[in-house]
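Colleague: Required output: the full structure, derived from the provided sequences and hints.
Letter by letter, the chains look like this.
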Amino acid sequence: GDSVTQMEGPVTLSEEAFLTINCTYTATGYPSLFWYVQYPGEGLQLLLKATKADDKGSNKGFEATYRKETTSFHLEKGSVQVSDSAVYFCALSESNAGNMLTFGGGTRLMVKP
Amino acid sequence: EAEVAQSPRYKITEKSQAVAFWCDPISGHATLYWYRQILGQGPELLVQFQDESVVDDSQLPKDRFSAERLKGVDSTLKIQPAELGDSAMYLCASSSNEETQYFGPGTRLLVL
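Line by line, the protein sequences are chains A and B.
Heads up, the first sequence stops at 477 in our numbering, and the numbers go up one at a time, no gaps.
Heads up, the second sequence stops at 94 in our numbering, and the numbers go up one at a time, no gaps.
Just so you know, the hints here were simulated from the structure itself, not pulled from any lab data.
Hints are not guaranteed to be accurate.
DEER-style ranges, computed between Cβ atoms [said to hold, decoys possible]:
#1 A:434 x B:38: 25 to 33 Å
#2 A:382 x B:-2: 49 to 57 Å
#3 A:446 x B:40: 18 to 26 Å
#4 B:20 x A:459: 44 to 52 Å
#5 B:-11 x A:390: 34 to 42 Å
#6 B:-15 x A:378: 46 to 54 Å
#7 B:-15 x A:392: 26 to 34 Å
#8 A:433 x B:53: 44 to 52 Å
#9 B:36 x A:422: 29 to 37 Å
#10 A:386 x B:20: 40 to 48 Å
#11 B:37 x A:477: 25 to 33 Å
#12 B:-9 x A:472: 46 to 54 Å
Treat the numbers as computed from the prediction; the structure is a model and nothing was measured.
Note that beta-carbon positions come from the ideal geometry of N, C-alpha and C, so glycine has one too.
Modeller: This is the structure we're talking about:
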């Protein structure tokens, strides 16, 4: 079945540091890929998505590129802020599976001033 | 901006009691999902509705969990009886014909 693997956290960075959170996936077809963010005590917010190979999703300074050859969708940001502290989830969906989301385990990011 | 509504936000119950959670999706969204998120893990799908019909409930523990979406709009997830292991965040999401799912704030359940 489909699965998503992301780097374990917590990831601790200083403000303005460069962020990379690794995400790889296995899927039977051609999935769409997503990054969701979850702030403490809240639900998930869509951060960005990509629907086909080589697409780049971007939002709020975050970027991720759909790499079919390496089955990866790594999240990057050039300069993190304290307000970026949250848990980040990589996920995939396939249209032949009702578009249900399969999530990774989440990566907690802590940004220190 | 339209949002998915869920209530209650928090629920504390004793084991063997019944609990119910409510979700109101974004207006016009035909597909509704219930996910369970155990602390420190990613969400896992419990049940998916297309309008009022169940599309996938393969991961729903049917001996104690039930879900309905009678008029194809809002939905209720019920647990009876609750067990200690049911303590988790219960998330509702909805989507239109496109694939992006929008999540509500969740209901955090604690079973004592």
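Colleague: Okay, residue -15 (chain B) versus residue 392 (chain A) on CB: inside 26 to 34 Å?
Modeller: With a Cβ separation near 33 Å, residue -15 (chain B) and residue 392 (chain A) satisfy 26 to 34 Å, so the hint holds.
Colleague: For the hint 40 to 48 Å, verify it against the beta carbon of residue 386 (chain A) and that of residue 20 (chain B).
Modeller: violated, 23 Å
Colleague: Tell me if the beta carbons of residue -11 (chain B) and residue 390 (chain A) are separated by a distance inside 34 to 42 Å.
Modeller: Since the Cβ atoms of residue -11 (chain B) and residue 390 (chain A) sit about 37 Å apart, the hinted range of 34 to 42 Å holds.
Colleague: How does the Cβ-Cβ distance of residue 382 (chain A) and residue -2 (chain B) compare with 49 to 57 Å: does it lie in that range?
Modeller: holds, 51 Å
Colleague: Can you tell me whether the CB distance of residue -9 (chain B) to residue 472 (chain A) sits inside 46 to 54 Å?
Modeller: violated, 22 Å
Colleague: Falls inside 29 to 37 Å, the C-beta gap from residue 36 (chain B) to residue 422 (chain A)?
Modeller: About 36 Å separates the Cβ atoms of residue 36 (chain B) and residue 422 (chain A), which means 29 to 37 Å holds.
Colleague: Between residue 446 (chain A) and residue 40 (chain B), does the beta-carbon spacing fit 18 to 26 Å?
Modeller: Because 41 Å falls outside the window, the suggested range is violated.
Colleague: Look at the Cβ atoms of residue 433 (chain A) and residue 53 (chain B) and judge whether their distance stays inside 44 to 52 Å.
Modeller: holds, 46 Å
Colleague: 25 to 33 Å was suggested as the range; check whether the CB atoms of residue 37 (chain B) and residue 477 (chain A) agree with it.
Modeller: violated, 46 Å
Colleague: Taking the CB of residue -15 (chain B) and the CB of residue 378 (chain A), does the distance hold inside 46 to 54 Å?
Modeller: violated, 34 Å
Colleague: For residue 434 (chain A) and residue 38 (chain B), compare the CB-CB distance with the range 25 to 33 Å and indicate the outcome.
Modeller: Holds: the Cβ-Cβ distance is about 30 Å, inside 25 to 33 Å.
Colleague: Is the gap between the beta carbons of residue 20 (chain B) and residue 459 (chain A) within 44 to 52 Å?
Modeller: At 27 Å between Cβs, range violated.
Hints 3, 4, 6, 10, 11, 12 from the earlier list are contradicted by this structure; the remaining hints agree with it.
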